[in-house]
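Undergrad: Here is how the chains run, residue by residue.
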Amino acid sequence: MNMKKIFSKVKDFLKKKKDEASNRHDSLYIAKNNKQAKELGVDPKIVCLTDHNSHVAEQYRLLRTNIQSQFKDKPLKTILITSALRGEGKTTTSANVASLFARHYEGKRVLLVDCDLRRPAVHSLFGLEHTPGLSEMIRDGLDYKEVVKEKLKDRLYILPSGKYIENPGELFDSSTFLEVLRKLKDNFDLIIFDAPPIIPVSDAGILAPYSDATLMVVKARVTQSSDIIKARDLLIEFRAKLVGVVLVCVENYIPFYLQRYSYMYKYV
Amino acid sequence: MSQIPPSITLTIRDFLDIAFRRKWFFIVPTVILSSLAFAYAYTKPAVYKSTALIVVEEEKIRTPVVAGLAEQNSVLNTLNTLLQKMMSISELEKVVDELYLQKRMPKIEDKEGIVNVIKNSLQISPKPGGVIEMNYEGPDPLVCKEILEALVNRFVNASLKVEDTQTQRGIEFIKSQIDIYRKRLEDSEKALAEFKKTNTKDLSLQTTEAIRDTIGFPGGVNINVSRLAGFEMELINLRLQLDQLLKQKESIEKQLSSEEKVIISQTVKSADPVTRELSNQIVALQVKLNSLLVDSSPDHPEVLRLEKKINNINGMLEKRSAQRVEEETYALNPVRIELQKRLNQINVEIDALKTKEKTLSIITEKFNEKVERLPDQEKEYAKLMRDYNINNGIYQNLQNKLEMAQITQRLEDSEEGIRFKLVDPPTYSKKPIKPKRKRILVLGIAAGIMVGIGCLIGVEYMDKSFRTEKGLAQLVGVPVLSSIPNMLSEQEDQLRRAKKRLTVILLGVFVTMTMIFVIIKFVLKIKK
Numbered sequence: 001m002n003m004k005k006i007f008s009k010v011k012d013f014l015k016k017k018k019d020e021a022s023n024r025h026d027s028l029y030i031a032k033n034n035k036q037a038k039e040l041g042v043d044p045k046i047v048c049l050t051d052h053n054s055h056v057a058e059q060y061r062l063l064r065t066n067i068q069s070q071f072k073d074k075p076l077k078t079i080l081i082t083s084a085l086r087g088e089g090k091t092t093t094s095a096n097v098a099s100l101f102a103r104h105y106e107g108k109r110v111l112l113v114d115c116d117l118r119r120p121a122v123h124s125l126f127g128l129e130h131t132p133g134l135s136e137m138i139r140d141g142l143d144y145k146e147v148v149k150e151k152l153k154d155r156l157y158i159l160p161s162g163k164y165i166e167n168p169g170e171l172f173d174s175s176t177f178l179e180v181l182r183k184l185k186d187n188f189d190l191i192i193f194d195a196p197p198i199i200p201v202s203d204a205g206i207l208a209p210y211s212d213a214t215l216m217v218v219k220a221r222v223t224q225s226s227d228i229i230k231a232r233d234l235l236i237e238f239r240a241k242l243v244g245v246v247l248v249c250v251e252n253y254i255p256f257y258l259q260r261y262s263y264m265y266k267y268v
Numbered sequence: 001m002s003q004i005p006p007s008i009t010l011t012i013r014d015f016l017d018i019a020f021r022r023k024w025f026f027i028v029p030t031v032i033l034s035s036l037a038f039a040y041a042y043t044k045p046a047v048y049k050s051t052a053l054i055v056v057e058e059e060k061i062r063t064p065v066v067a068g069l070a071e072q073n074s075v076l077n078t079l080n081t082l083l084q085k086m087m088s089i090s091e092l093e094k095v096v097d098e099l100y101l102q103k104r105m106p107k108i109e110d111k112e113g114i115v116n117v118i119k120n121s122l123q124i125s126p127k128p129g130g131v132i133e134m135n136y137e138g139p140d141p142l143v144c145k146e147i148l149e150a151l152v153n154r155f156v157n158a159s160l161k162v163e164d165t166q167t168q169r170g171i172e173f174i175k176s177q178i179d180i181y182r183k184r185l186e187d188s189e190k191a192l193a194e195f196k197k198t199n200t201k202d203l204s205l206q207t208t209e210a211i212r213d214t215i216g217f218p219g220g221v222n223i224n225v226s227r228l229a230g231f232e233m234e235l236i237n238l239r240l241q242l243d244q245l246l247k248q249k250e251s252i253e254k255q256l257s258s259e260e261k262v263i264i265s266q267t268v269k270s271a272d273p274v275t276r277e278l279s280n281q282i283v284a285l286q287v288k289l290n291s292l293l294v295d296s297s298p299d300h301p302e303v304l305r306l307e308k309k310i311n312n313i314n315g316m317l318e319k320r321s322a323q324r325v326e327e328e329t330y331a332l333n334p335v336r337i338e339l340q341k342r343l344n345q346i347n348v349e350i351d352a353l354k355t356k357e358k359t360l361s362i363i364t365e366k367f368n369e370k371v372e373r374l375p376d377q378e379k380e381y382a383k384l385m386r387d388y389n390i391n392n393g394i395y396q397n398l399q400n401k402l403e404m405a406q407i408t409q410r411l412e413d414s415e416e417g418i419r420f421k422l423v424d425p426p427t428y429s430k431k432p433i434k435p436k437r438k439r440i441l442v443l444g445i446a447a448g449i450m451v452g453i454g455c456l457i458g459v460e461y462m463d464k465s466f467r468t469e470k471g472l473a474q475l476v477g478v479p480v481l482s483s484i485p486n487m488l489s490e491q492e493d494q495l496r497r498a499k500k501r502l503t504v505i506l507l508g509v510f511v512t513m514t515m516i517f518v519i520i521k522f523v524l525k526i527k528k
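Residue numbers (our numbering), protein chains in the order written: chain A, 1 to 268; chain B, 1 to 528.
Among these hints, one or two may not hold up.
What the hints assert, rightly or not - Stretch-level coverage of chain A by chain B, calculated; a stretch enters the list once three of its residues show a Cβ under 8 Å from a Cβ in chain B:
id: 1; stretch: 2-14
id: 2; stretch: 27-39
id: 3; stretch: 62-70
id: 4; stretch: 220-227
These are computed hints drawn from the structure, not numbers from a lab.
Note that beta-carbon positions come from the ideal geometry of N, C-alpha and C, so glycine has one too.
Work out the full structure: start from the sequences and follow the hints.
TA: Written out as structure tokens, the structure is:
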């Protein structure tokens, strides 16, 4: 056997091991702008739409299952997703959770509402305009049909944030918002609120009592324990129904050749 | 709810994860410090060392010369004086001129600078067994050797001069005293003769004998006056000795209190025990030979035998010193120990002399009382006799000492009486002793690793975030519903890779620059 063959065998072996390691639940996922993402016009990070066979999508499925398991005997109509601080992955999580429920609930309508009027991001993930949106609905009294955008036919709907306004907290605390919320609940089977972070602004706290379940997103290696405790205490203070924590951006730094075989997950 | 985050037990896997995640905290300081250590080790100029060994021979030869006469210095005092003289600016300037060091050391601008460099580069370490090691360190092995050679020669020559001066001073002192006592002796002889001439008739032996017997001078007045004179002379000598010892005591006490100022290094390097033993043997034989040469001719068989033996041991010593092992140890300051020993000895001597003085005083007084009871004429005669005897005794004593001093001077002139002997001449080594490149490199890498580990631990200690779901549920009080892997868009992935690449490139540039710097320095050195 010549050297070239030996090298190619070694190379194949390493590639195989690397592929196996990349299927681990804690390995890094590179969201490539694939065909599905292009067709749907969404960000490749919404893996539940673009690459639903990936190990990341599998973790989102696990999240959905865990949420559902807590609501076997009671109705789940609204979910609030927030985090302690900004930039921790709320919007990506909200988009993926909404997509997953939309796929899962056949014949049911899922609405993702961008409640972060300060730094809206949902529309960019789904390739939409952020106006008109929620703020116009509350302030200008627009009908939901005028502002809600359909992303998956009869399944997934997006309500962008709308125009930036001075004090969103006051807007959420108004009777108009309650009226809007009632209308949305009447027309959609599941509403997911992508709320702003709980520590810097109170918007998520105001929205929390209107939600059946609250999820707190924690970014691995970034969110500090003290911030997590503070966010949890604030949510409890605002009478949020905190059902669980979602740890995002988990990454295993140990090289694949050092990882134990027993940790491998083969879903592909 | 509890505000305290739960303590998480870390597994090997967690440690591995930390190590790989924070690898740059470890790699960057290690690479930087290793490169700096490399640059330092290979650009620092080489330092060469020249070593010389000098044997200190004890003061046995010299003692009889000036004992009780001249101001007597101990070996250590002399050593100290010699070293200070050797290191004096005027002497060092002479060395600079002799060796053309201003031309050979162009980096140093003036003579004063070179003198300072010489002062700082010379190390003198006394070793147990009467050996002094002199080391000179510098960038040129030949210059090192030459400078040390010049200094050592000056030291040895100065030691000969000191001896000579001391002996000469002693002889001059004795001669001046001889003149004084000769005059006194002549005066007392004259007075006695005159007295005898005028009182011959009155001093008939029989009458005087009768008187002596009645007042208690059995044995005759001459004998008793002689005895009184003897006692008085002894008393004078004793008091002189006592004064000298007290002076010595004072001087040693003064030296003891200022011992720290002595330029001799406090760090003592232990000599090879075999070398030490051989050196001691040589010193002992040399002393024996010198004592023998005082009253024997150089052709005496015993002298020849001793000389042969000394030569044999010298040969062995040279062989041994070639394979000498340097080993640093710390010992008590031998100078201080020696001084303390000498002080104790002097104290004992002072006590003994004081007791003797007391006894002699009583005896002398008793005899004086007896002389006082003599009639006036006899009293006068006894007094003159006593003066004559005292002066005569001291004069004889001084004559003897002068003779001994002259013998010792002859001994010194024949160079048998030197006290500092060069055993190992300054060495010439082409192998530099500094920089110890391997050690610097190892230390640099170790320091880098330590700093890296320190940074890693520090950063990890301050980071209170969660890497995995372990402990998170316990902290929040609700379950962790899922752990979502890190997702990066292609741009983010590229950015991340670019950052890594940039770090590697910067490190590479740093290492390359360091190497280039080292090579340039090396090339410049070769060109020079």
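Undergrad: Are three or more residues of the stretch 27-39 of chain A within 8 Å, CB to CB, of chain B?
TA: Answer holds; 7 residues pass the 8 Å Cβ test.
Undergrad: Residue count check for the stretch 220-227 of chain A against chain B: does it reach three with CB-CB under 8 Å?
TA: holds (count 7)
Undergrad: Given that the stretch 62-70 of chain A was listed as covered by chain B, double-check it with a C-beta distance under 8 Å for 3 or more residues.
TA: Per the Cβ count (4), the hint holds.
Undergrad: Taking 8 Å as the Cβ threshold, is the statement that the stretch 2-14 of chain A is covered by chain B upheld or broken by the three-residue rule?
TA: violated (count 0)
In the structure shown, a violation is registered for the earlier hint numbered 1 alone.
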